[in-house]
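Please put together the full structure from these sequences, using the hints given.
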Amino acid sequence: MKNILLIIFVALFSLQAGAAAAAEAYTPKVYGKKGYVWDEMTPERVQVLKMGGDVDRGKDSFRGCRGCHKADAAGVREGVYPRLTGQHASVLIKQITEIRAGIRSNPKMLPFVEDPAIAMEEIGDIAAYLSALTSVRENGKGAENMSARGKKLYNDNKCYTCHGKNGEGNAAKAYPVVAAQHYGYLIREMKLIKHGTRGNSNPGMVKAIAKFTEADYEAVADYLARLPDYRTVVVSK
Amino acid sequence: MKYKNNRIGSAVLACGTLVGMLLLSATARADDIPPLEERLQLCAGCHNPDGNSVIPGNPKLSGLDAKYIARQLSDFKEGKRVSEVMASIIPMVDEKEFKPLAAYFSKQKRTDGVPEKADLVAAGKQIFDEGVIGTAAPACAGCHNEDGSGSNKFPRLSGQDPTYVKAQMLNFKNAVRNNDPKAVMQAVAKRLNEQEIEAVAEYIVTLKEAE
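Protein sequence lines, in the order shown, are assigned to chains V and S. Under this note's numbering, the first residue of the first sequence is numbered 1, with each subsequent residue one higher. Under this note's numbering, the first residue of the second sequence is numbered 1, with each subsequent residue one higher.
Hints are computed from structural coordinates only; laboratory data are not their basis. Every clue listed holds true.
Only pairs whose alpha carbons sit at most 20 Å apart, straight line, appear in this in silico PhoX-like list of lysine-lysine: (1) K108(V) to K182(S); (2) K108(V) to K173(S); (3) K59(V) to K153(S); (4) K190(S) to K108(V).
A few chain S residues that don't get close to chain V, going by computed Cβ distances all over 12 Å: (5) I33; (6) L40; (7) C46; (8) P49; (9) D50; (10) N58; (11) R71; (12) K96; (13) F98; (14) P100; (15) T163; (16) N171.
If you only want the chain S side, here are some residues facing chain V, beta carbon under 8 Å, derived: (17) G131; (18) I133; (19) A136; (20) P138; (21) A139; (22) G142; (23) C143; (24) K153; (25) A183; (26) V184.
Cβ atoms here follow ideal geometry from the backbone N, Cα and C, with glycine treated the same way.
So this is what it looks like as structure tokens:
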């Protein structure tokens, strides 16, 4: 009898402790700080991934984003705002939830993507909507064609390991599509990732582009910007 | 004993009381809430009978989403949106009137407006359509549409009085007006300077409601 009571007490106590731990506020871990883990599954990201997404609802929720990313979600040619069309939903969810959590630093976007501007329930919908879109408008490219040099750098530094031979990324691992992105945006983000200011740098990528010169950034960005939409590439097996 | 039966007596009394109560409540209702046409006269003083105010600084209510109007009215009532004029008017209006008033004004056609400073219109269009890249101010067209027609989420802007728009934008910028449900307008207005706000207001008044 005593044993049973003891078991009940222990069970009750651990339940309470568990609830308290779950209620504890999530503390973001930023690149360069102690305890940073790239691609950490934050509580919100786990929830959003579980909820899935609805394309029609996403179109409606995206309305508030159009001021910068434009009505066709193709961003701005100069690259100040990226193309979101055809990006993997898993990537969009990762980036949005990490910006909301304070892991990826994006003060310009934050007021328009945090509560109450965007509710957690809308994130999956927006991601589903954008991932199904295709860009019609031409993207920004380098002033001259540097894609031969860019391709060599891309391959020599094994960028394809994560971002794919056609810049198609990896939906399952939340590696972004980089093909046909705006030239200016690619350069900016590579630098932000290398310098750690983006907050959610992948340490592997920081190492891969550690020795990039200004000309290297330009060449790789131009190569990727000139790649076709990965969904139009026929992959031979 | 006046009544043969106590039961009938109490039934008559009950009926009498009920009728009396109904009459009383009917008169009380009529005292509190005037018919819509009468109430509209109060609004028309500043906003015109069709909601197309012609007094600089006063907003046009015509063609706004009904829910938006109703929400502004209850925000004025609850002090969530502050306006000296509306603060003196709104206590006279019952909450039950908000919905019919909003429905009335939302159905009125927005009239065209005239800019006060026509030389600012072109600069305003640039900001309205493209935003300001340097400060990351989003384009107004993103939420309010390129023709300023708005939606069920964001109010119609086309033809709106430029003095009013400028004043509201500055109120958002300085967080004097903070009843924007998603705090989005405050975030946008903070990224525009006073000259940009003025130019946008001068462009907005030139936008026309589609036929």
